[in-house]
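For chain P, the structure is supplied; the task is to place chain B on it using the hints.
Quick mapping for you: the protein sequence lines, in order, are chains P and B. Residue numbers are given in the numbering used here: position 251 of the first sequence equals residue 251, and the series is strictly consecutive. Take any residue in the second sequence, count from 1 to its spot, add 616: that is its number in the numbering used here.
Keep in mind the hints are simulated off the structure, nothing from the lab. Treat the hints with care, as some may be off.
[Said to hold, decoys possible] Away from chain P, derived, C-beta distances all over 10 Å, residues of chain B:
no., residue
1, Asp711
2, Val712
3, Gly713
4, Arg717
5, Cys723
6, Arg725
7, Thr746
8, Ser755
9, Thr759
10, Val762
11, Ser763
12, Gln765
13, Arg769
[Claimed, not checked] Here are a few chain B residues that face chain P, going by a calculated C-beta distance under 8 Å:
no., residue
14, Gln702
15, Ile704
16, Ala791
All C-beta atoms in this analysis are idealised placements derived from N, C-alpha and C, irrespective of residue type, glycine included.
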Amino acid sequence: MSDGNPAADLGCVGIDLGTTHTAIAEVAFDESGVTRAQVVAIPQLVAPGAIEARPLLPSMVYFAHESETALALPWDASRDYCVGEYARQRALQAPSRVVSSAKSWLSNTLIDRRTALLPTAAPPDLERISPVEASYRILDHLCEAYRSLEGLRGELTDKDVVLAVPASFDAAARDLTIEAAVAAGLENVHLLEEPQAALYAWIESMGGDFRKHLHVGDVVLVVDVGGGTTDFSAMLVQDREGELELSRVAVGDHILLGGDNMDLALAYALKAKLEQAGHAVDQGQLLALWHAARHSKEELLSRPDLDKIPVAIAGRGSQLLGNSLRTELTQQEVESLLLDGFFPVVPLSARPLQKARTALTQLGLPYASDAAITRHLAEFLCRQAHAIPRRESEVPSGQPNFLKPTALLFNGGAFKCGLFRERVISNVNDWLVTANCPPLRVLPGEDLDLAVARGAAYYGAVRRGRGLRIRGGTARSYYVGIESPMPAVPGIEPPVSALCVAPIGIEEGSTCDLPDQVLGVIVGQPVTFRFFGSTVRRDDRAGTLVDPILPQEIEELAPIEIVLPAESRSAGDIVAVRLQAAVTSVGTLSLEAVPTKPVNPNERWKVELNVRGEGK
Amino acid sequence: MLRRAVTNPNVSFIQRLALALSAFFRILASSTYAARILRLESAQEPARAAPDVTVQPEKPARDLRPALQVLSVLQHEGRLVDFVQQDILTFSDSDVGAAARVVHDGCRRALKRMVKLVPVHDDAEGHSVTVPAGYDATSIQLTGNVSGQAPFRGTLRHRGWRAQELTLPDIIGDADCLVIAPAEVEL
Chain P
1 MSDGNPAADL
11 GCVGIDLGTT
21 HTAIAEVAFD
31 ESGVTRAQVV
41 AIPQLVAPGA
51 IEARPLLPSM
61 VYFAHESETA
71 LALPWDASRD
81 YCVGEYARQR
91 ALQAPSRVVS
101 SAKSWLSNTL
111 IDRRTALLPT
121 AAPPDLERIS
131 PVEASYRILD
141 HLCEAYRSLE
151 GLRGELTDKD
161 VVLAVPASFD
171 AAARDLTIEA
181 AVAAGLENVH
191 LLEEPQAALY
201 AWIESMGGDF
211 RKHLHVGDVV
221 LVVDVGGGTT
231 DFSAMLVQDR
241 EGELELSRVA
251 VGDHILLGGD
261 NMDLALAYAL
271 KAKLEQAGHA
281 VDQGQLLALW
291 HAARHSKEEL
301 LSRPDLDKIP
311 VAIAGRGSQL
321 LGNSLRTELT
331 QQEVESLLLD
341 GFFPVVPLSA
351 RPLQKARTAL
361 TQLGLPYASD
371 AAITRHLAEF
381 LCRQAHAIPR
391 RESEVPSGQP
401 NFLKPTALLF
411 NGGAFKCGLF
421 RERVISNVND
431 WLVTANCPPL
441 RVLPGEDLDL
451 AVARGAAYYG
461 AVRRGRGLRI
471 RGGTARSYYV
481 GIESPMPAVP
491 GIEPPVSALC
501 VAPIGIEEGS
511 TCDLPDQVLG
521 VIVGQPVTFR
531 FFGSTVRRDD
541 RAGTLVDPIL
551 PQEIEELAPI
561 EIVLPAESRS
571 AGDIVAVRLQ
581 AAVTSVGTLS
591 LEAVPTKPVN
601 PNERWKVELN
611 VRGEGK
Chain B
617 MLRRAVTNPN
627 VSFIQRLALA
637 LSAFFRILAS
647 STYAARILRL
657 ESAQEPARAA
667 PDVTVQPEKP
677 ARDLRPALQV
687 LSVLQHEGRL
697 VDFVQQDILT
707 FSDSDVGAAA
717 RVVHDGCRRA
727 LKRMVKLVPV
737 HDDAEGHSVT
747 VPAGYDATSI
757 QLTGNVSGQA
767 PFRGTLRHRG
777 WRAQELTLPD
787 IIGDADCLVI
797 APAEVEL
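Pulled out of the complex, with its shape left as it was, chain P reads as follows (with noise of 0.2 Å):
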């Protein structure tokens, strides 16, 4: 049974935290090999005093007042908080009191993450949490239920367990989430890019067919609409000694956009539908005919004969008859708002708008003011351009140059709808004839909500070696600025140039070499550098010094905070150091302050990921 790693023969686990859901989903071994990936139903609260499993735990915590009732759980009698629908109710009829979309809050660079922030309107008797508190929250969940299902399946605690993160995360956001793991308990956990995790399930369910589908020189683009983000990726299929290799090649960028905006667009439309027939619409119908519209948009789209279908919500009281609003959705209203609004069709120039940032408030989340997704994945594919080498030869001139998907995956709730899938593809594929390449092949994904808790429990088991792996390493280079030494202009910022510490592409486990540019830092004081990250500068390498930093290329992340403590030093002194990076076995980046004359043999100081400094 055992082979050292306790863990080793209890399965894997996968769970997919989601901004709008989180599921989870196992593999077993046994003799003859893995078992097929299970979603495990997760036990919560869905009204006070009844628990069910259900397949999908709704992200969000709510907190009770005082006042009420206990919301006790079998194992815990006295909560004053819970997880899941019950949550999702409460947030339609207590608002303040819930936590919800932690997950984009903690990818959100303008804030401390660390914070305790959450709910923002949170009332006076109310202890906000942070971001990173409401995602261990979620996940201590996860391994409370999971310890109540029948049948001995053991503690999570105890397994190998895969948590997919959006391929957009930044090291400091992965990082946090794997904080927020170790709290509830979670110690043999590795973190998954999300389009991977979708791409293993795609793997998984076709058994040993997938290599009939994927050839050497495919690349397959994964587009990605989940409840609350956007997220694109791309792998490479290359031959290595005669078998497939899958290698991820590209990520997007994080976008704050999915399904819920899309209903909430049209629960407005359906709202100045009835105002203009003379009702007043107040918030709790808004609310209402949010959930409404999720209904008759997925009705609607899947039934092209219907022209129109009526959609009634009920006023607040016992009053049923004579307090419900009726109003109709039309096709044509659905087809120019979600799919002409988020999916219109665009050249391969189109870009996202972007709307002035002047408006910007510090607590909000950044969702993306451009809600055209097939305009992000033109800009995804164009600055993607270069991801697979090629000879220049092989681009005629005078032809856009981008990065051309042969295979298309799709993922997320988003792409039930078929008029979805149809547009997306359709898009590419306008792309792709006037490049001259064949039009996309469509890979049949199947359970777009619960494919990727699947890909990742697969991924378990394809990481002891039981199945194809797609390699790729880190998905960003990361850069420190670097402040120019030229005389302070007064209001004007000091030029910065960006020092690379680590390359795209480091596989986890390893470590980049030491740049040979030294930072100052004072001992015992806390110094705070810019820090950047690129999804584009392939040619990088640690010690690159990159000037000037274009702002497509490179985009500003939260800061990094050196501390080097005063123990064999004294306070005050200036020390020079390099900075050295490696990915950890979790996947984590980890920052090390490496000084030139060591004290010490091996002196070196972990640099913080995650601050929000002052100012700059």
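Same frame as chain P, now just chain B:
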């Protein structure tokens, strides 16, 4: 069947049905009557248990909370209780229609989650069907001119419904579930 005929030789089914219905409402309405029935029930127990036979474990009190729970879910998601409790006669068909859509939409989704419903009979309604000898009388009911010997030829009027799987939330602790919908007070 045989045993019932022997123990109750004189009471017909219709008589028993009438007695059961009236007893049901009287038990609900009158605690004195309920107490009498209780005494009657407990008096029967030792009589039935023969001295040399081991005592059968007493049947646990029926837990009716799942029924209340279903009602609560249908109200919560489909406003069923609101709909049925309101006087419908004074409202126009368009008002009834708007409300019915709310009820239908919510109840349909809630039912779909709680119970897997399948037709008892797979043929189309209106078709001629044959009911064989030894048919399951709980799942097929003969109507009209009920006489003669099996197999019976007839027309399928209603396909019937069968609950194939039931999924209800577990009740935590000893909540009585009597509140179908809480009163809402907005602050």
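For each hint, the structure was consulted:
Separation of Asp711(B) from chain P is inadequate, the least Cβ-Cβ distance of about 5 Å not exceeding the 10 Å criterion. At roughly 6 Å from the closest C-beta of chain P, the C-beta of Val712(B) falls inside 10 Å, breaking its exclusion from the interface. Distance to chain P contradicts Gly713(B) as a non-interface residue, since its nearest Cβ pair spans about 7 Å, not more than 10 Å. Its beta-carbon lying about 4 Å from the closest one in chain P, Arg717(B) breaks the requirement of being farther than 10 Å from that chain.
With a least CB separation of 12 Å from chain P, Cys723(B) remains clear of the 10 Å interface cut-off, as annotated. Taking the minimum C-beta to C-beta distance to chain P, about 8 Å, the non-interface status of Arg725(B) is violated against the 10 Å cut. Under the 10 Å C-beta cut-off, the non-interface status given to Thr746(B) relative to chain P holds; the minimum distance is some 36 Å. Consistency note on Ser755(B): stated as away from chain P, and its beta-carbon is indeed over 10 Å from all of that chain's, at 29 Å minimum.
Look at Thr759(B): its CB is around 34 Å from the nearest CB on chain P, clear of 10 Å, so calling it non-interface holds up. Non-interface status of Val762(B) relative to chain P is upheld: no Cβ of that chain comes within 10 Å, the nearest being about 40 Å off. Its beta-carbon lying about 46 Å from the closest one in chain P, Ser763(B) satisfies the requirement of being farther than 10 Å from that chain. Interface exclusion of Gln765(B) from chain P stands, the closest Cβ pair being 48 Å apart, more than 10 Å.
At roughly 38 Å from the closest C-beta of chain P, the C-beta of Arg769(B) stays outside 10 Å, upholding its exclusion from the interface. Interface hint status for Gln702(B): upheld, as the beta-carbon distance to the closest one in chain P is roughly 5 Å, under 8 Å. Checking Ile704(B) against chain P by beta carbon gives a least distance of about 6 Å; that is within 8 Å, so the hint holds. Interface restraint check: Ala791(B) against chain P, minimum CB-CB distance 4 Å, threshold 8 Å, status holds.
The structure is inconsistent with the numbered hints 1, 2, 3, 4 and 6, although it conforms to all the rest.
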